[in-house]
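All chains, please: the whole structure from these sequences, using the hints.
Residue numbers (the numbering used here), protein chains in the order written: chain A, 128 to 299; chain B, 19 to 307.
No wet-lab data here; the hints were simulated from the structure. Errors might be hidden in some of the hints.
[Said to hold, decoys possible] Cβ-to-Cβ under 10 angstroms is the rule here; a few derived chain B residues that face chain A:
1) 150
2) 154
3) 158
4) 187
5) 290
[What the hints assert, rightly or not] Listed below are the simulated BS3-like cross-link pairs for lysine-lysine, each with C-alpha atoms no more than 30 angstroms apart in a straight line:
6) 248/B / 142/B
7) 248/B / 251/A
8) 75/B / 122/B
9) 251/A / 143/B
10) 282/B / 302/B
11) 302/B / 213/A
12) 251/A / 216/A
13) 35/B / 216/A
14) 75/B / 85/B
15) 235/B / 282/A
16) 282/B / 251/A
17) 251/A / 176/A
18) 176/A / 35/B
Beta carbons are placed, not taken as given, at the ideal position from N, Cα and C, and that holds for glycine.
Residue strings, one per chain:
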Amino acid sequence: MRRFVFTLLSILISFILQTTVFRVIDFSGIVPNLMIILTASYAFMRGDKSGMVIGMFCGILIDIFFGSYLGFYALIYMYIGFIVGKFNKIFFPENILLPLALIVSSDFLFGFTCYVLLFMFRNKFDIGYYMLNVIIPEAVYTALVAIFIYPVLIKINMYLEDIEQRSAKKFV
Amino acid sequence: MSPVIKRGGDKFTLPSKYLLFILTILCVGLIVVTFNTDVFNSSVNSFAGTVVVPFQKGITSVGVWMKGTADNLASIRALQKENENLRKQVEQLTIENTNLEQDKYELTNLRELYELDAQYSDYKKIGARIIAKDAGNWYHSFVINKGTDEGVQVDMNVIAGGGLVGRVTDVGPDWAKVQTIIADNSSVSGTVLSASENLIATGNLELYNEGQITFSKLVDEADKVSVGDKVVTSNISDKYLPGILIGYVSTIEEDSNNLTKSGKITPVVQFEYMNEVLVIMELKSTGDK
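Here it is as structure tokens:
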């Protein structure tokens with residue numbers, strides 16, 4: 128229950144931040160993708176099932192506000208959560224390089240999927256331009272922000288696990 | 019990845035595959051349903067209105083205030099220098115003004131010709147503040163703080179600084195989503211004023227950094243359209259009210275079919291620095307109802 132509330136809060140907070148604060152401090156119109164950071168890190172920390180559900184929730188939130196159809200971004204985020212969740216087997220809290228690499232590659236994957244589904248299907252084939260001006264800057268900026276956000280998420284996760292273990296001991 | 023861990027994991031991976039399958043079907047179902055109908059709109063939008071929008075409103079106003087103060091401090095020095103330059107400019111402009119005064123007579127005549135007098139000053143408008151911008155970097159829509167409570171409806175036109183910004187595509191109780199004309203997925207039917215020829219203005223992500231949009235399908239056999247001509251929304255558009263200024267033609271090229279022309283338009287609205295917009299509270303009547 129506690130875990131659910133924390134996760135929901137963190138998703139809502141980062142969605143609000145992404146659409147307001149980060150829009151003001153963007154670099155040439157590019158904002159970091161906080162929702163990808165959340166989806167990838169939670170999936171990495173907790174496994175594919177959580178990753179899927181969290182990704183789907185993040186996506187639905189974006190769909191409600193900015194998507195044309197409900198479920199489009201939800202689907203993309205959900206699959207990213209599922210794939211990253213597969214790496215949960217090699218998860219160590221101390222390691223930060225691997226999760227960063229995962230976050231960057233999932234943002235890259237997200238950007239590429241968006242390009243293919245939203246642009247290439249409308250005969251916009253200049254992939255070089257979109258790579259250089261949208262996908263790569265977004266991935267770099269996301270990585271920068273993730274360096275600060277990921278440790279916080281790890282701390283919260285450890286704290287939650289601590290509490291859960293303690294309460295589990297009480298009952299056993 | 020020792021086999022032990024794998025075996026332990028296998029007990030749980032099977033359900034996760036099913037879960038993925040079920041959720042995928044759910045998402046695809048949602049896409050199909052929202053593509054064809056709008057049953058979820060009211061309930062989902064009011065959920066968003068109560069949970070997320072209040073925070074976005076608060077944070078945006080704080081952010082705007084903070085940015086304003088920071089800009090103020092930074093700009094004092096720049097302002098002094100600017101002031102000096104501006105004074106010189108004033109002298110020059112006074113001279114130009116006299117020339118323009120003469121042109122004004124001409125302009126009045128032309129206005130009557132185009133009947134632009136009744137432009138969009140007649141429409142009832144309400145002001146709205148932008149409280150959130152698109153979460154991704156692909157399209158450029160934003161959310162404003164007025165919704166159905168204030169009478170905003172889907173397809174109402176949004177203007178700022180005298181030019182067209184876009185139209186409302188989604189609306190909740192106290193918020194509305196606006197699709198901008200510079201977004202890659204938007205098209206507007208426009209008219210070149212000087213030649214009364216119609217064209218299609220389309221947003222383009224590749225031109226976004228230059229601050230321009232493309233136009234196409236301009237039929238101009240007499241070569242009447244030239245760079246700098248005004249482009250306004252056309253009469254035949256079914257979403258946009260006629261006569262709203264879109265921008266000025268910046269380049270023209272002949273298409274390979276030798277029948278139509280295409281090129282670029284510089285919009286009058288500065289989308290990067292937009293904080294407040296006006297919503298025109300009138301829908302284009304298409305004759306359907």
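We went through each hint and held it up to the structure:
Checking residue 150/B against chain A by beta carbon gives a least distance of about 4 angstroms; that is within 10 angstroms, so the hint holds. Nearest Cβ of chain A to the Cβ of residue 154/B: about 7 angstroms, under the 10 angstroms cut. The hint holds. At a threshold of 10 angstroms, the smallest CB-CB gap from residue 158/B to chain A is about 8 angstroms, leaving the interface hint in force. This hint holds: residue 187/B has a C-beta 8 angstroms from the nearest C-beta of chain A, less than the 10 angstroms allowed.
The beta carbon of residue 290/B comes within 7 angstroms of a beta carbon in chain A, closer than 10 angstroms, and the hint placing it at the interface holds. Our distance criterion of 30 angstroms between C-alpha atoms is met by residue 248/B and residue 142/B, whose separation comes to about 24 angstroms. Straight-line distance between C-alpha atoms of residue 248/B and residue 251/A comes to about 28 angstroms, which keeps the hinted pair within the 30 angstroms bound. Proximity of residue 75/B to residue 122/B is assessed by CA-CA distance (about 43 angstroms); at most 30 angstroms being required, the pair is judged violated.
Proximity of residue 251/A to residue 143/B is assessed by CA-CA distance (about 37 angstroms); at most 30 angstroms being required, the pair is judged violated. Among the hinted pairs, residue 282/B with residue 302/B is consistent with the structure: their alpha-carbon atoms are about 26 angstroms apart, no more than 30 angstroms. Under the criterion of a C-alpha separation no larger than 30 angstroms, the hint pairing residue 302/B with residue 213/A is inconsistent with the structure, at around 52 angstroms. Only pairs whose Cα atoms come within 30 angstroms are accepted, and residue 251/A paired with residue 216/A is rejected, the gap being roughly 39 angstroms.
Restraint check for residue 35/B and residue 216/A: satisfied, since their Cα atoms lie roughly 16 angstroms apart, inside the 30 angstroms limit. Distance restraint check for residue 75/B and residue 85/B: the Cα-Cα separation of roughly 15 angstroms lies within the 30 angstroms cut-off, and the hinted pair is therefore satisfied. Distance check on the hinted pair: residue 235/B and residue 282/A sit about 57 angstroms apart at the alpha-carbon level, beyond 30 angstroms; violated. As the CA atoms of residue 282/B and residue 251/A are separated by approximately 17 angstroms, the hinted pair is consistent with the 30 angstroms bound.
Between residue 251/A and residue 176/A, the direct Cα distance comes to roughly 35 angstroms. Violation of the 30 angstroms bound is thereby established for this hinted pair. Under the criterion of a C-alpha separation no larger than 30 angstroms, the hint pairing residue 176/A with residue 35/B is consistent with the structure, at around 9 angstroms.
Checked against the numbered hints above, the structure violates hints 8, 9, 11, 12, 15, 17; every other hint is satisfied.
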